[in-house]
Amino acid sequence: MAGERTIRIDALTRVEGEGALYVRTRNGTIEDLRLQIYEPPRMFEAFLRGRSLEEVPDITARICGICPVAYQMSSVHALEQALGIQVTPEIRQLRRLLYCGEWIASHTLHIYLLNAPDFFDCDSALQMAERFPDRVRVGLRMKKHGNQLLEALGGRAIHPVNVAVGGFYRVPRADQLRRLIPDFQWCLDAAQDTVRWVASFAFPDFDRPCELVSLVHPDEYPMNEGSIGTSSGERIAVDKYEDCFEERQVPYSTAYHSLRRPAGTTYLVGPLARVNLNCDRLSPVARQLAEELPVSWPSRNPFHSIIARALEVVHAFDEALQIMRNYREPSQSRIAYSYRDAAGCAATEAPRGLLYHRYAVDAGGKVTEAKIIPPTSQNQAQIEADLRAWLPNVQHLTDPALSRACENLVRCYDPCISCATHFLTVQIDRI
Amino acid sequence: MAEKPRLAVLKFASCDGCQLALLDLEERLLELGESVEIAFFLEASSRIEPGPYDVALVEGSITTPHDKERIHEVRRQSRFLITIGACATAGGIQALRNWADHEEFLRAVYAQPQYIAALEKSTPISDHVRVDFELRGCPINPSQLYEILRSLLHGRRPRTPAHSVCLDCKRRGTVCVTVARGIPCLGPVTQAGCGAICPTYDRGCYGCYGPAAQPNLVSLTSHLISTGVSQQEVVRTLRGFNGYSPEFRAESDRLAPP
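Taken in sequence, the protein lines are chains W and D.
Residues 447 to 877 (the numbering used here) make up the first sequence, in order.
Residues 2 to 259 (the numbering used here) make up the second sequence, in order.
Careful: at least some of the hints might be erroneous.
[Stated by the list, open to error] Output of the computed footprint for chain D on chain W, the stretches with three or more beta carbons under 8 Å from beta carbons of chain D:
hint, region
1, 675-683
2, 740-749
[Stated by the list, open to error] Have a look at the derived ranges for each label pair, beta carbon to beta carbon:
hint, chain 1, residue 1, chain 2, residue 2, range
3, W, Ala788, D, Asp102, 24 to 34 Å
4, D, Ala214, W, Arg654, 51 to 61 Å
5, D, Glu105, W, Pro730, 46 to 56 Å
6, D, His67, W, Arg472, 39 to 49 Å
7, W, Leu843, D, Ala214, 49 to 59 Å
8, W, Arg834, D, Glu105, 30 to 40 Å
9, W, Cys690, D, His224, 26 to 36 Å
10, D, Lys5, W, Arg625, 37 to 47 Å
11, D, Arg77, W, Ser777, 36 to 46 Å
12, D, Asp102, W, Ala683, 52 to 62 Å
13, W, Arg834, D, Ser231, 33 to 43 Å
14, D, Asp102, W, Ala789, 18 to 28 Å
15, W, Val741, D, Arg131, 34 to 44 Å
It is worth saying that the hints were derived from the structure and are not from the lab.
Cβ coordinates follow ideal geometry from the N, Cα and C atoms, glycine included.
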């Protein structure tokens with residue numbers, strides 16, 4: 447039909463998990479646009495009921511192979527809130543260290559293996575490595591050292607075994623951390639070089655007036671603690687999350703869409719939101735670098751997410767070095783607790799953004815209710831809104847080039863579809 | 002095997018962690034990229050080549066009507082099909098639905114369950130098609146994956162050890178957490194491969210690699226119950242990431258008939 451155009455990307459690539467994109471336009475006007483998540487539902491919230499609360503961090507880790515630590519962190523903090531446990535400053539520091547490991551491993555994977563190839567029109571990091579072998583090797587080496595930190599603290603990089611309600615099963619020996627320091631010093635330099643490299647990429651001019659949401663904390667870059675901050679200046683206590691944000695189900699997706707209450711508007715979580723709202727709490731090295739860049743903060747260009755991610759890698763190496771240099775083995779690895787009939791919630795900053803968990807537990811230590819809201823389902827409606835705004839800029843392109851331009855934008859958010867299922871393929875109809 | 006064998010990596014219901022193990026090979030990944038053609042690997046490459054493939058690595062379990070059909074096409078297109086991880090070899094943690102009321106589960110998670118197409122059971126790949134090799138683990142061990150791919154490249158049949166985690170603890174010199182501290186542990190009945198990590202972190206094995214060869218499950222569960230662990234807790238421990246594997250399933254069903 448004249449004027450009708452359909453773009454259908456059946457399988458989005460270089461994203462974690464499975465999704466599709468469908469776009470239909472008529473005479474250049476968008477008639478339909480859907481980010482479809484067909485990742486099969488695994489129903490964690492249902493089978494967590496009846497499990498013992500000690501099993502929760504082991505089970506929720508399995509929601510995502512890329513960010514298992516995030517699931518472990520949000521779950522133990524929520525359960526600790528329910529049980530009235532206060533962890534020691536030493537345990538708190540070790541949890542930040544573990545999170546640094548995951549941010550490094552996840553962000554370097556996304557920067558080097560998933561996102562950077564787009565800026566060189568490459569299909570994969572392997573193809574990019576033919577042109578820039580040393581760059582890719584540097585990225586893989588940083589990722590390896592991030593994984594080694596996860597292994598030292600967690601036993602293994604994917605689905606670590608050491609996170610417990612109340613603390614850790616065993617704290618690391620000082621020498622296990624100390625031996626990582628020389629490589630981390632090398633990585634801190636490599637990470638700064640990575641920021642300068644990604645900031646030199648050619649970015650489309652695409653500023654979006656979106657609301658940014660991330661945890662904020664008065665004295666530190668947010669990971670495990672803080673209140674929920676927004677770019678409009680609100681500060682929301684984590685236990686008010688469900689009053690201020692809602693999930694809506696759409697027929698074409700196994701993931702929920704999250705929106706602000708009561709306005710029903712979209713919002714953005716993740717590294718770009720975090721850097722924008724917390725720039726002055728980045729580590730001194732990362733903050734100085736952020737100020738030197740040709741990009742000014744706050745930036746609402748989603749393509750700048752790769753720079754935000756690279757800055758957070760600098761921060762994570764810097765903070766990890768500080769913690770490891772000052773580490774003394776604490777006498778207590780875990781806080782003892784007793785069971786009680788209670789509920790608790792927590793939000794932490796997963797590599798992809800705010801991750802909210804709420805649990806109810808009974809006096810026998812069993813989970814009676816679980817609710818998990820991953821970052822990608824919160825970003826899904828924002829990604830769709832941004833695609834709608836992005837299409838007029840790229841509509842002159844041929845179908846394959848247009849599909850690619852849409853996929854490039856989707857990848858900037860580092861969607862983790864495996865997570866979002868309770869959660870993508872691109873299809874474009876130009877009518 | 003062909004001059005440059007064609008590799009496909011495919012995903013069904015899973016967390017992505019086992020394919021990530023391939024990317025976690027780091028420098029060895031670049032080396033592998035020189036000896037195999039990565040023909041289909043959505044998570045790593047936008048180049049999508051049609052089959053047939055020499056080696057297919059399949060992650061995830063079968064949980065939807067569409068996937069139940071898709072796995073047959075994957076089998077038709079693949080010369081050597083390897084399942085990677087607990088989801089693909091035993092149904093994964095999502096197989097806990099196999100003991101539950103499926104409709105109630107859907108209602109518990111989704112406000113509008115009618116939008117969701119899911120099968121009542123999560124099943125391993127081998128329930129649907131012939132599998133040439135199963136690599137265990139939740140997650141798999143990247144080094145085992147690398148060794149398997151090297152074996153295939155050199156025309157050898159891949160092998161992984163089938164002994165128990167228990168033996169690996171002895172090799173590592175780890176003091177037994179059950180004997181010394183009374184901590185329940187699935188090490189005696191779980192296949193090695195992880196490196197016997199958990200006992201070195203002062204906790205019992207929780208069965209990520211599934212049943213070892215000829216596991217004496219009755220003996221282990223009887224022992225646990227005799228030391229005061231409730232039958233309910235023993236059943237729950239068996240019904241974990243490999244709970245739907247035939248051996249673990251038979252024992253948990255013996256203790257708690259469905």
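Cross-check of the supplied hints:
1. 675-683: Contact hint for the region 675-683 of chain W vs chain D: violated, 0 residues under 8 Å.
2. 740-749: violated (count 0)
3. W/Ala788 - D/Asp102: 24 to 34 Å: Holds, since W/Ala788 and D/Asp102 (Cβ atoms, about 27 Å apart) stay within the stated range.
4. D/Ala214 - W/Arg654: 51 to 61 Å: holds (57 Å)
5. D/Glu105 - W/Pro730: 46 to 56 Å: holds (53 Å)
6. D/His67 - W/Arg472: 39 to 49 Å: violated (29 Å)
7. W/Leu843 - D/Ala214: 49 to 59 Å: For D/Ala214 against W/Leu843, whose Cβ atoms are near 57 Å apart, the range 49 to 59 Å holds.
8. W/Arg834 - D/Glu105: 30 to 40 Å: holds (37 Å)
9. W/Cys690 - D/His224: 26 to 36 Å: The hint (26 to 36 Å, Cβ to Cβ) is violated, given that W/Cys690 and D/His224 are roughly 51 Å apart.
10. D/Lys5 - W/Arg625: 37 to 47 Å: The hint (37 to 47 Å, Cβ to Cβ) holds, given that D/Lys5 and W/Arg625 are roughly 39 Å apart.
11. D/Arg77 - W/Ser777: 36 to 46 Å: Violated, at about 60 Å.
12. D/Asp102 - W/Ala683: 52 to 62 Å: At 36 Å between Cβs, range violated.
13. W/Arg834 - D/Ser231: 33 to 43 Å: Violated: the Cβ-Cβ distance is about 55 Å, outside 33 to 43 Å.
14. D/Asp102 - W/Ala789: 18 to 28 Å: holds (24 Å)
15. W/Val741 - D/Arg131: 34 to 44 Å: violated (54 Å)
Of the numbered hints given earlier, the model fails hints 1, 2, 6, 9, 11, 12, 13 and 15; all others are met.
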